[in-house]
Amino acid sequence: MLQKFALAVKTKTIEFFAEEDEEEEEERAVGVDDPDACPAPEEVITGQRVVVLRPDPAPRPDPETLAAAALAALSSFQAAYLHLQTAHSPFVSDAVLSADRAAVSHLRRLSDLKRLYLSGGPGPSPAPTSALPLSFLLEAQVQDNQDLLRTFEALVDRLQSDIDRKDAEAAALEKALADLDGAGVRLADRLERACMPAEERVESLLTVGVFDSVLRDTCRVTHRFARVLVDLMNLSGWNLGAAANCIYPDVNFTKPGHCRYAILSYICLGMFGGFDSYDFCDDGDGVDMYEIDVSIWRTDSLQQFIEHSALDPLELMRDFPSSDFVKFCKKKYAKLIHPGIEFSLFRNSATGESLLGSLTPSSPLNESFASMASSIWMLHKLAWAYNPVVKIFQVAPGTEFSMVFMETIVPKVDKLHMDSGSSSRPKVGFTVVPGFHVGKTVIQSRVYLDDSEQAV
1 MLQKFALAVK TKTIEFFAEE DEEEEEERAV GVDDPDACPA PEEVITGQRV
51 VVLRPDPAPR PDPETLAAAA LAALSSFQAA YLHLQTAHSP FVSDAVLSAD
101 RAAVSHLRRL SDLKRLYLSG GPGPSPAPTS ALPLSFLLEA QVQDNQDLLR
151 TFEALVDRLQ SDIDRKDAEA AALEKALADL DGAGVRLADR LERACMPAEE
201 RVESLLTVGV FDSVLRDTCR VTHRFARVLV DLMNLSGWNL GAAANCIYPD
251 VNFTKPGHCR YAILSYICLG MFGGFDSYDF CDDGDGVDMY EIDVSIWRTD
301 SLQQFIEHSA LDPLELMRDF PSSDFVKFCK KKYAKLIHPG IEFSLFRNSA
351 TGESLLGSLT PSSPLNESFA SMASSIWMLH KLAWAYNPVV KIFQVAPGTE
401 FSMVFMETIV PKVDKLHMDS GSSSRPKVGF TVVPGFHVGK TVIQSRVYLD
451 DSEQAV
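Letter by letter, the sequence shown follows residues 1 to 456 in full-length UniProt numbering.
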């Protein structure tokens, strides 16, 4: 069977080539003198003629096409290198590997184009770029545009990343600024509430108990100043009994030691003089309160009370010598310690000269006097913050003792007087600490009773 099939194919082949031989003989007869005629080589295989067809040689590539391809490959390499740089910041390993492979591929492509141009034809390399297709120029242009597009996309991504980072930083700064603004507003509110309390807070603050507490503190520091002054008088050789008789000549003291109450009364009444004036003026030249609105002086007085309570009186006297408080201190000191008393208190026994001359930081009276003046100043500002204003009063000498408006400065006098069974009431010798009317409430005045029988 196989032999018959091979014989049939062989017969058909002989017939096909026989027809071709006849055509070739006719062509040779026509163009025998044509020197360019190049008959195809023939080979006889087992008595048969076989024609071998050789392919046409590859056309030489156009130099313009090669140049365009080289430029496109160079542009693609530039884009790939830019991708490689972009992938390093921030570093992305996959992007770095991809850009590296693309750059190497474009370099190989440039190498193939160089070899093809120098050889004038396809080289021995079997690379696919050695034989350029007809549409290579268009493909190169498309590839170039795609590479440029990818480059622009990479730049846009990088710029967008920078924009996102800047937006995040701006948002963080805006949040920090908002937090600072909120903290500033809260601090401002707290400061405003501290300096200018609201009406409801003012009403809760301005009670009889608050005023009485500040008054007791004022009495405490006033007693301290009186003790310092009495000690200086004793050191200077003063006769306290004679000094007390000069202040209140018609008062009989139960004990010689009670004469110090006359000194205390002299200090208190001198310091509280002008308390019922808005500007603490005891010479009749104060401010006319009919010209000032009630709410204004209440608010201003309370604000001054709060501000002054946080300050050091010694620092005020040193740093603000022209302030109202310092003027008040100087005026009251000059009234209490006039030059004659000052000279006798601070005289140097060896030279007979005054050591201090006035209220100075080196004076033994300076610190205690500043504390006393500061407490009385605050009490005055607090009194003028009430509505109605706190009224001050003092008991005249010779007035019968009344437990409603008075209390004795000497302990246990009330109980001793009640136990004595006497029908007559004791008389007031002098007022030591004034009393106050806080609305309808009376804060008793502290008095010394004349010819009392109390014991200390």
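If you're looking for bench data, these hints aren't it; they were derived computationally from the structure. None of the values given here were measured: they were computed from a predicted structure. Heads up, a few of these hints could be off.
Unchecked claim - Simulated crosslink set (SDA-like; lysine to any residue; CA at most 20 Å straight-line): (1) Lys-391 - Ala-226; (2) Lys-427 - Ile-163; (3) Lys-331 - Pro-388; (4) Lys-330 - Tyr-266; (5) Lys-427 - Glu-400; (6) Lys-335 - Phe-305; (7) Lys-114 - Ala-171; (8) Lys-331 - Leu-314; (9) Lys-327 - Tyr-278; (10) Lys-391 - Phe-305; (11) Lys-440 - Phe-393; (12) Lys-427 - Glu-407; (13) Lys-327 - Ser-344; (14) Lys-391 - Asp-312; (15) Lys-175 - Leu-187; (16) Lys-391 - Phe-152; (17) Lys-330 - Lys-391; (18) Lys-335 - Lys-440; (19) Lys-391 - Glu-407; (20) Lys-331 - Thr-299; (21) Lys-331 - Glu-407; (22) Lys-331 - Arg-298.
To be verified - For each label pair, taking beta carbons as the anchor points, the in silico distance ranges come out as: (23) Thr-207 - Ser-424: 34 to 42 Å; (24) Leu-107 - Glu-174: 31 to 39 Å; (25) Ser-93 - Ala-178: 16 to 24 Å; (26) Pro-397 - Thr-207: 41 to 49 Å; (27) Pro-364 - Lys-175: 56 to 64 Å; (28) Pro-256 - Gln-303: 42 to 50 Å; (29) Ser-322 - Ala-178: 37 to 45 Å; (30) Thr-207 - Gln-303: 16 to 24 Å; (31) Val-142 - Lys-114: 34 to 42 Å.
Note that CB positions come from ideal geometry on N, CA and C, so glycine has one too.
Against the structure, the hints:
1. Lys-391 - Ala-226: violated (25 Å)
2. Lys-427 - Ile-163: violated (92 Å)
3. Lys-331 - Pro-388: The hint is violated at about 28 Å.
4. Lys-330 - Tyr-266: OK: Lys-330 and Tyr-266 at ~17 Å, within 20 Å.
5. Lys-427 - Glu-400: holds (5 Å)
6. Lys-335 - Phe-305: violated (24 Å)
7. Lys-114 - Ala-171: Violated. Lys-114 to Ala-171 sits at ~54 Å, over the 20 Å cutoff.
8. Lys-331 - Leu-314: holds (16 Å)
9. Lys-327 - Tyr-278: holds (15 Å)
10. Lys-391 - Phe-305: holds (17 Å)
11. Lys-440 - Phe-393: holds (14 Å)
12. Lys-427 - Glu-407: Holds. Lys-427 to Glu-407 sits at ~12 Å (cutoff 20 Å).
13. Lys-327 - Ser-344: violated (25 Å)
14. Lys-391 - Asp-312: Outside the cut-off at roughly 27 Å; violated.
15. Lys-175 - Leu-187: holds (18 Å)
16. Lys-391 - Phe-152: Distance ~87 Å between Lys-391 and Phe-152 Cα, so the pair is violated.
17. Lys-330 - Lys-391: violated (25 Å)
18. Lys-335 - Lys-440: violated (33 Å)
19. Lys-391 - Glu-407: This hinted pair holds, its Cα atoms lying about 18 Å apart.
20. Lys-331 - Thr-299: At roughly 26 Å apart (the allowed maximum being 20 Å), Thr-299 and Lys-331 break the hint.
21. Lys-331 - Glu-407: violated (30 Å)
22. Lys-331 - Arg-298: Distance ~25 Å between Lys-331 and Arg-298 Cα, so the pair is violated.
23. Thr-207 - Ser-424: 34 to 42 Å: Holds, since Thr-207 and Ser-424 (Cβ atoms, about 38 Å apart) stay within the stated range.
24. Leu-107 - Glu-174: 31 to 39 Å: violated (49 Å)
25. Ser-93 - Ala-178: 16 to 24 Å: violated (40 Å)
26. Pro-397 - Thr-207: 41 to 49 Å: violated (33 Å)
27. Pro-364 - Lys-175: 56 to 64 Å: holds (59 Å)
28. Pro-256 - Gln-303: 42 to 50 Å: For Pro-256 and Gln-303 the Cβ distance comes to about 47 Å; the hint holds.
29. Ser-322 - Ala-178: 37 to 45 Å: With Cβ atoms ~43 Å apart, the hint holds.
30. Thr-207 - Gln-303: 16 to 24 Å: Holds, since Thr-207 and Gln-303 (Cβ atoms, about 18 Å apart) stay within the stated range.
31. Val-142 - Lys-114: 34 to 42 Å: violated (22 Å)
Going down the numbered hints, you'll see the structure goes against 1, 2, 3, 6, 7, 13, 14, 16, 17, 18, 20, 21, 22, 24, 25, 26 and 31, while the others check out.
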